[in-house]
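Now for the letters of each chain:
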Amino acid sequence: MSAEENKELIRRLFDRFRSHDTSSLEELCHSDMLYETPEFDTLKGIDAYRQVFEEATRSIPDLEPTLEEIVAEGDKVFAIHRVRGTLKGDYAGIPPTNEPMELLVSDVITIRDGKVAEHREFYDVLTILRQLDAVDERPPRAAGEAQAPR
Amino acid sequence: MTAQENKELIRRFFNILNARDLNRLGGVCREDMTYRTSAGDSYQGLDSFRELMNESFQTFSDLEMSIEEMAGEGDKVTCLYRWSGVNDGGYQGMPPTNQRVELLVNSFCAVEDGKIADVFDFFDSLGFMRQLGVVSSDVQPGGEDWPRGGEKLRLYS
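Sequence order for the protein chains is A and B. Residues 1 to 150 in my numbering are what the first sequence lists, from first letter to last. Residues 151 to 307 in my numbering are what the second sequence lists, from first letter to last.
Because the hints were derived from the structure by calculation, they are not lab data. Do not take every clue at face value.
Derived lysine-lysine pairs resembling DSS-like cross-links, with alpha carbons at most 30 Å apart [claimed, not checked]:
| # | chain 1 | residue 1 | chain 2 | residue 2 |
| --- | --- | --- | --- | --- |
| 1 | A | Lys7 | A | Lys76 |
| 2 | B | Lys226 | B | Lys265 |
| 3 | A | Lys76 | A | Lys44 |
| 4 | A | Lys115 | A | Lys76 |
| 5 | A | Lys88 | B | Lys302 |
| 6 | B | Lys265 | A | Lys76 |
| 7 | A | Lys115 | A | Lys44 |
| 8 | B | Lys226 | A | Lys76 |
| 9 | B | Lys226 | A | Lys7 |
| 10 | A | Lys7 | B | Lys265 |
| 11 | A | Lys115 | B | Lys226 |
| 12 | A | Lys7 | A | Lys115 |
| 13 | A | Lys88 | A | Lys44 |
| 14 | A | Lys7 | A | Lys44 |
Quantities reported herein were computed from a predicted structural model and do not represent experimental measurements.
Could you build the full structure based on these sequences and the hints that come with them?
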């Protein structure tokens with residue numbers, strides 16, 4: 001498949017995710033595909049891929065991924081996509097904020113025989129935690145700093 | 151420039167960085183280049199980027215960045231590179247941890263008039279901090295030290 005065809009495949013994949021329709025991903029992805037994220041390392045199989053997305057929509061019911069950049073060469077597609085939505089459900093035990101969130105995610109996708117064989121995502125998990133208000137970044141009190149008067 | 155020439159440019163950029171020959175960066179980067187990370191950091195200008203790299207080499211003296219995958223199209227080059235170094239230098243008052251940090255970074259480069267105009271690096275800074283040892287290795291989903299139930303992860307800025 002040409003670089004253009006590969007890019008079209010990925011655009012179609014993101015269209016499915018945008019409409020939250022993961023029912024027929026087999027049309028676009030191999031059933032033994034590999035999926036890698038910073039949180040889960042490497043997961044095997046299209047069901048795991050689907051499951052992670054479904055979990056994400058439980059945390060962010062109005063989750064909207066939008067492709068922003070796409071570069072393709074040979075059997076690889078590199079992309080950047082922006083995820084937007086509202087943190088309404090918990091995220092791995094962290095309570096929701098009910099506030100909007102936004103995350104830029106980059107993708108390295110390998111295509112084999114016209115379908116996705118591997119999807120690796122690279123993003124900053126700390127940026128998610130910050131938006132969940134789960135990070136305390138205040139510097140420690142310096143040693144010898146005056147105590148408040150009693 | 152062709153996609154092939156742009157990819158060659160990025161390879162030269164990495165070679166210059168790995169050789170710590172930062173004075174040669176002007177040959178591959180625009181003076182007004184920008185460097186951004188997925189953690190939200192932003193550096194304006196080649197001087198700023200040089201300073202960042204100097205800091206990185208002081209903090210990780212054996213730092214090496216090696217390209218594993220690459221794609222180029224038009225004036226865009228993307229690459230997946232391995233960043234690896236041992237924290238043997240102090241940073242902003244923090245003592246070295248002597249831990250090796252090794253991670254993959256997905257980099258998006260924009261080329262303008264034959265030089266690098268923008269570099270946008272994507273990586274997990276939480277994973278970086280776990281390896282560095284400034285947060286516990288159990289700070290991950292399902293891990294003991296994951297800030298669940300309203301807890302907060304303590305970082306020192």
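Quick one: which hint numbers does this structure break? Sort them smallest to largest.
-> none
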